[in-house]
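Trainee: So the sequences go chain by chain: A and B.
Just so we're aligned, residue 1 is where the first sequence starts under full-length UniProt numbering, counting upward by one.
Just so we're aligned, residue 1 is where the second sequence starts under full-length UniProt numbering, counting upward by one.
Simulated from the structure, these hints should not be mistaken for lab results.
Any given hint could be a false lead.
DMTMM-like cross-link-like pairs, simulated, lysine to aspartate or glutamate; straight-line CA separation at most 20 Å [to be verified]:
# : chain 1 : residue 1 : chain 2 : residue 2
1 : A       : Lys204    : B       : Glu51
2 : A       : Lys259    : B       : Glu226
3 : B       : Lys204    : A       : Glu173
4 : B       : Lys259    : A       : Glu226
5 : B       : Lys201    : A       : Asp280
6 : A       : Lys204    : B       : Glu170
7 : B       : Lys2      : B       : Glu36
2 protein chains.
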Amino acid sequence: MKVTVIGLGLIGGSIAIDLRKAGVATELTGVDLNAEHGQKAVALGLVDKVETEDKALQNADIVILAIPVNAMCQLLPSLLDAVKSTAVVIDTGSTKNLICRSVANHPKREQLVAAHPIAGTENSGPEAAFSGLFRNKTNIICEKERSSDHSLEVAMRVFNALGLRTIFMEPEEHDKHVAYVSHLSHVSSFLLGQTVLDIEKDEKNIFALAGSGFASTVRLAKSSPEMWAPIFEQNLEYLSQALLEYIMHLQRFHYYLMKRDIKELNRIMSSANEIRRVLDGIELKTKSQQSETHIIEPNNNGSTKN
Amino acid sequence: MKVTVIGLGLIGGSIAIDLRKAGVATELTGVDLNAEHGQKAVALGLVDKVETEDKALQNADIVILAIPVNAMCQLLPSLLDAVKSTAVVIDTGSTKNLICRSVANHPKREQLVAAHPIAGTENSGPEAAFSGLFRNKTNIICEKERSSDHSLEVAMRVFNALGLRTIFMEPEEHDKHVAYVSHLSHVSSFLLGQTVLDIEKDEKNIFALAGSGFASTVRLAKSSPEMWAPIFEQNLEYLSQALLEYIMHLQRFHYYLMKRDIKELNRIMSSANEIRRVLDGIELKTKSQQSETHIIEPNNNGSTKN
Chain A
1 MKVTVIGLGL IGGSIAIDLR KAGVATELTG VDLNAEHGQK AVALGLVDKV ETEDKALQNA
61 DIVILAIPVN AMCQLLPSLL DAVKSTAVVI DTGSTKNLIC RSVANHPKRE QLVAAHPIAG
121 TENSGPEAAF SGLFRNKTNI ICEKERSSDH SLEVAMRVFN ALGLRTIFME PEEHDKHVAY
181 VSHLSHVSSF LLGQTVLDIE KDEKNIFALA GSGFASTVRL AKSSPEMWAP IFEQNLEYLS
241 QALLEYIMHL QRFHYYLMKR DIKELNRIMS SANEIRRVLD GIELKTKSQQ SETHIIEPNN
301 NGSTKN
Chain B
1 MKVTVIGLGL IGGSIAIDLR KAGVATELTG VDLNAEHGQK AVALGLVDKV ETEDKALQNA
61 DIVILAIPVN AMCQLLPSLL DAVKSTAVVI DTGSTKNLIC RSVANHPKRE QLVAAHPIAG
121 TENSGPEAAF SGLFRNKTNI ICEKERSSDH SLEVAMRVFN ALGLRTIFME PEEHDKHVAY
181 VSHLSHVSSF LLGQTVLDIE KDEKNIFALA GSGFASTVRL AKSSPEMWAP IFEQNLEYLS
241 QALLEYIMHL QRFHYYLMKR DIKELNRIMS SANEIRRVLD GIELKTKSQQ SETHIIEPNN
301 NGSTKN
């Protein structure tokens with residue numbers, strides 16, 4: 001099938017690599033506002049060629065959208081207008097509510113599958129793309145009932161080729177959950193990085209003492225602001241709620257620290273230790289997804305994965 | 001040499017393994033208030049035997065102290081009283097100011113080397129110990145001038161056997177730096193974990209959407225409260241300062257988020273991106289420590305490492 005990937009960064013590039021590998025894509029066309037990214041994507045073999053959006057949409061069977069979420073909302077209506085009537089459009093946005101709303105009344109809404117394959121690294125751009133990024137990761141489809149059976153079927157071939165396990169959620173529920181388990185982590189990491197960079201101005205060599213724990217906690221502070229600022233804005237309400245709760249917890253901890261209430265600090269940390277259960281689950285997922293209602297296993301759905 | 005390790009957890013256990021491997025320890029005796037830990041340490045071969053503190057100190061050439069920092073402050077004076085006059089005591093505490101003060105006027109102060117080998121994982125107990133934990137990690141010695149030449153020489157044999165690179169700092173400077181690059185990371189991680197566990201009570205399956213970014217950010221929330229609560233209390237002043245700065249940054253970010261000031265959010269995140277330089281440095285360190293004043297390279301100092 002002819003696949004057009006709009007946005008040739010970490011996500012779009014990694015999808016391109018594995019769609020070609022799996023034989024789902026026989027022809028890969030890229031679109032990127034950044035000409036340099038486009039050239040690199042061709043040079044790296046992520047796509048066969050780069051074209052203008054108009055041209056790249058004309059004959060595409062599948063269109064993958066992997067650009068910042070605000071650009072998605074702007075682009076989606078005209079993009080659905082432009083694609084042929086059998087084409088399937090898949091967006092990969094990290095927020096889902098505003099994206100779904102942007103085409104809620106579009107006559108070709110059923111050609112869109114609103115998805116969020118939950119994977120990534122702190123790196124960005126076409127050089128960051130790699131095969132296997134999505135293997136055994138979770139994918140969310142929102143408003144499944146608004147996509148046609150044909151669109152869902154084609155989209156599942158794509159997701160299965162990437163090795164994703166797909167579950168279904170409503171956009172509001174999705175956005176609330178990712179505010180806590182993804183967006184808040186990014187904010188906390190960005191500002192932890194900032195706090196320590198700030199003090200570095202006064203304290204030379206402060207990082208001589210930084211170890212692997214610090215590295216792990218601030219890793220996400222390397223993430224792309226261009227990608228994340230629009231995500232945070234689109235998920236403002238839930239992220240704000242998560243952030244205020246986090247700040248409240250930090251202030252409470254600070255209060256007991258200043259009171260030297262070791263017993264209470266101990267209690268808070270012991271309670272946080274329960275996260276071990278969750279993290280063990282995340283690690284397990286990479287081997288075999290825990291069974292849960294609504295999960296579709298790869299290869300059950302007419303996948304062409306080889 | 002006869003080595004006594006007090007505290008048979010991740011740190012004490014890992015030191016024991018590598019001191020035996022390197023031939024520095026010919027006889028290893030363990031001390032632990034927790035009888036079960038003691039038995040496990042013997043069963044795992046970390047130490048040859050477990051004894052009471054009094055007995056284990058009598059003939060020890062080297063005493064390694066790897067217990068919570070509040071217990072160190074309490075124990076150190078009587079421990080120095082008890083060891084023979086040629087013995088060298090090394091503490092591995094994550095704070096240094098109060099520990100140094102606890103024996104500031106002790107007649108046998110020069111037999112102590114106040115150190116902080118900066119390594120660890122989120123796991124604890126004797127089963128968490130492993131060979132190589134300290135390899136290519138940074139070690140801080142505080143108040144070097146208060147230790148005798150003999151004590152420093154023996155201690156350097158220990159640190160070199162572990163593969164540590166040693167630098168020197170004053171206790172206050174040490175405690176301030178670790179407040180930012182270690183203790184704050186732990187607090188942020190504990191409370192991020194707590195925030196998300198809290199919301200989980202209302203939102204089932206919230207962790208279905210958690211990915212590797214979340215796992216990386218909350219990994220330290222698995223750490224031992226018994227070890228960390230005393231560290232936080234001993235470093236209360238600097239940790240409080242770091243925590244308030246961090247909370248201020250989070251609140252500022254929240255303010256711009258609510259104003260939908262994307263430009264400012266972008267600016268904050270771009271500035272935090274500079275952490276990449278630091279993290280690349282931390283990764284580099286595991287290969288070859290960047291040269292810096294006061295660094296003593298392993299194997300330059302009469303090491304018996306094999």
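Trainee: Lys259/A and Glu226/B: Cα distance at most 20 Å?
Mentor: Distance of about 18 Å is within 20 Å: holds.
Trainee: Given the hint that Lys204/A pairs with Glu170/B, does the C-alpha gap stay at or below 20 Å?
Mentor: Cα-Cα ~14 Å, so holds.
Trainee: Would you mind confirming whether the straight-line C-alpha gap from Lys204/A to Glu51/B stays at or under 20 Å?
Mentor: violated, 44 Å
Trainee: Between the alpha carbons of Lys201/B and Asp280/A, is the straight-line distance 20 Å or under?
Mentor: holds, 19 Å
Trainee: Just to be careful, I want the Cα atoms of Lys2/B and Glu36/B compared with a cutoff of 20 Å; is the pair within it?
Mentor: violated, 23 Å
Trainee: Quickly compare the C-alpha distance for Lys204/B and Glu173/A to 20 Å and report which way the hint goes.
Mentor: holds, 10 Å
Trainee: Need the status of pair Lys259/B, Glu226/A: alpha-carbon distance at most 20 Å?
Mentor: Judged against 20 Å, a Cα distance of about 18 Å means the pair holds.
Violated hints, listed in ascending order, are 1 and 7; each of the other numbered hints is respected by the structure.
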